[in-house]
Amino acid sequence: MTEWKYKSVAYYPGCALEGTGHAYNTSTKAVGKALGLKLEEVKNWNCCGAMEVKNIDPKIQTYLSSRVMSIAANEMGHDVVMAPCNGCYHNLKKAEYDLAHDEKSREVVDRLSQKAGHKTYEAGQIETIHALDWIKQTLGEEGLAARVKNSLGGLKIANYYGCMYTRPRHIFPEKDKGPGSESTYQPHFMDDLLAAAGAENVEFPLKTACCGGAHSLSDSDTSTKLVLNIIQAAEAAGAEVIATECPTCHSGLEMHQIRAEKRLGVQTKVKIVYFTQLLGLALGLSPRKLGLHENISDSMALMKEKQLA
Amino acid sequence: MAEIAELLEAPAAAAPPAERARDYLFAGEAVLEHWLTAHEREPTQSAVEGFRLLALHRQGAKGDPSFNACRETCRELVYHHNVILDVALAAPDNAEAASRVVMMRFVLNHLYLFVSGKLEEAGLGEFCCSARPLRTQSA
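Note that the protein sequences, when read in sequence, are chains A and B. Note that the working numbering gives residue 360 to position 87 of the first sequence, counting from 1, and the numbers run on in steps of one. Note that the working numbering gives residue 33 to position 29 of the second sequence, counting from 1, and the numbers run on in steps of one.
Mixed in with the good hints there might be a few duds.
Cut-off 27 Å, straight-line C-alpha distance, at most; resulting in silico cross-link-like pairs (DSSO-like, lysine-lysine) [as the list claims (entries may be wrong)]: (1) A:316 - A:306; (2) A:332 - A:306; (3) A:280 - A:306; (4) B:66 - A:280; (5) A:429 - A:579; (6) A:278 - B:66; (7) A:306 - A:422; (8) B:66 - A:422; (9) A:562 - A:535; (10) A:562 - A:306; (11) A:535 - A:280; (12) A:535 - B:66.
Hints are computed from structural coordinates only; laboratory data are not their basis. As the structure is a computational prediction, the values presented were derived from the model and not from experiment.
Let the hints inform the model, and build the full structure from the sequences given.
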């Protein structure tokens, strides 16, 4: 591992981080600044195609994601794009895979790129990484631990990765490569980073389980039951906090935790916090700088009790 | 599915850990059998890595990659089953076995909710895709 592997990267926040995931955006930038890592936001970025466009025409999604990578590579001179949102990360990876393997996708992307007046993105120009890769592979656990000012010691955390960070396996060729690489079966990068910051990770069997995020609004009852089960499993495992790394999962957990109480009469206490917010606290940043007050799940009392705020 | 729901509502400690672990593993198989029969497919009797549950999952995901969203859930069920049996057979009153049974129940519940939710939403279709009717209608 090379130190400072991703010291300066193109940053693609995506739509969610400007809306419901605003605190994730704030805390990611704050942590980057505290660690001396440079994030240069992709200029004039667009939606990655998320689920809505992909479901109507997957090739339009491929184009939309390719445009983000084209700007980063051809207009900004970057070879790495960091996307903290699981949906964006997944879609950029999928576009990369499609462009490397599917002639039809290449034709559509080329045609639309010419029409839009920008250079066509070619597979291999950009490496897309997640915020977890960014910190883990730049600083590593030792590098991070050396910068911790306020250990998370005593905070019991269930790490929840959601379903899009590892699936489908074929679009993540760098994973499952043995020691040092991320696993699609048992992801551990978030566990590793938070442990380095002093947290106690609990054994949590639903770390990649579906939260029903895509059906949050169309089938709220199923989503509420799925989320409640995830939350109750985390509590049964002894967690005080569920750490998240996806804005959709995070909002889903927060929203359905409240809905479960209202609709099903089941009250749960575990707090939902972005992993970047937890790392920021460990680095000595204030809760406000990390957007902790923006979370629906109010963790301030717990953080104060643990002397982290 | 009603029998599985009943099993999930019963306390995890209502039976010895090793027995509960087997019940939950078989209930997981039953959930996947429902998925396959609902799609007019004969559930396999074969095993993958020694477990029918994993073979049923593989069969369920064939032609429907979105079903892979419960792949790790199935593997977690097998893992918990194995650990519980190991621990419980060595010491029947072991507290670790009892707590793992509770956790295995959550894993089974997830599989049950995920698959039953997908079955309920069959008209809407694949995971992460509530717009399937739009595509099928326009095709």
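Results for each hint:
1. A:316 - A:306: Status holds; Cα separation ~19 Å.
2. A:332 - A:306: Since the Cα atoms of residue 332 of chain A and residue 306 of chain A sit roughly 36 Å apart, the hinted pair is violated (cutoff 27 Å).
3. A:280 - A:306: 11 Å, holds
4. B:66 - A:280: 42 Å, violated
5. A:429 - A:579: 11 Å, holds
6. A:278 - B:66: Answer violated: residue 278 of chain A to residue 66 of chain B is near 39 Å, above 27 Å.
7. A:306 - A:422: Measuring from Cα to Cα gives roughly 15 Å; hence the hint holds.
8. B:66 - A:422: With Cα atoms ~50 Å apart, residue 66 of chain B and residue 422 of chain A exceed 27 Å; violated.
9. A:562 - A:535: Distance of about 31 Å is beyond 27 Å: violated.
10. A:562 - A:306: 11 Å, holds
11. A:535 - A:280: 45 Å, violated
12. A:535 - B:66: 38 Å, violated
Comparing the model with each numbered hint stated earlier shows that hints 2, 4, 6, 8, 9, 11 and 12 do not hold.
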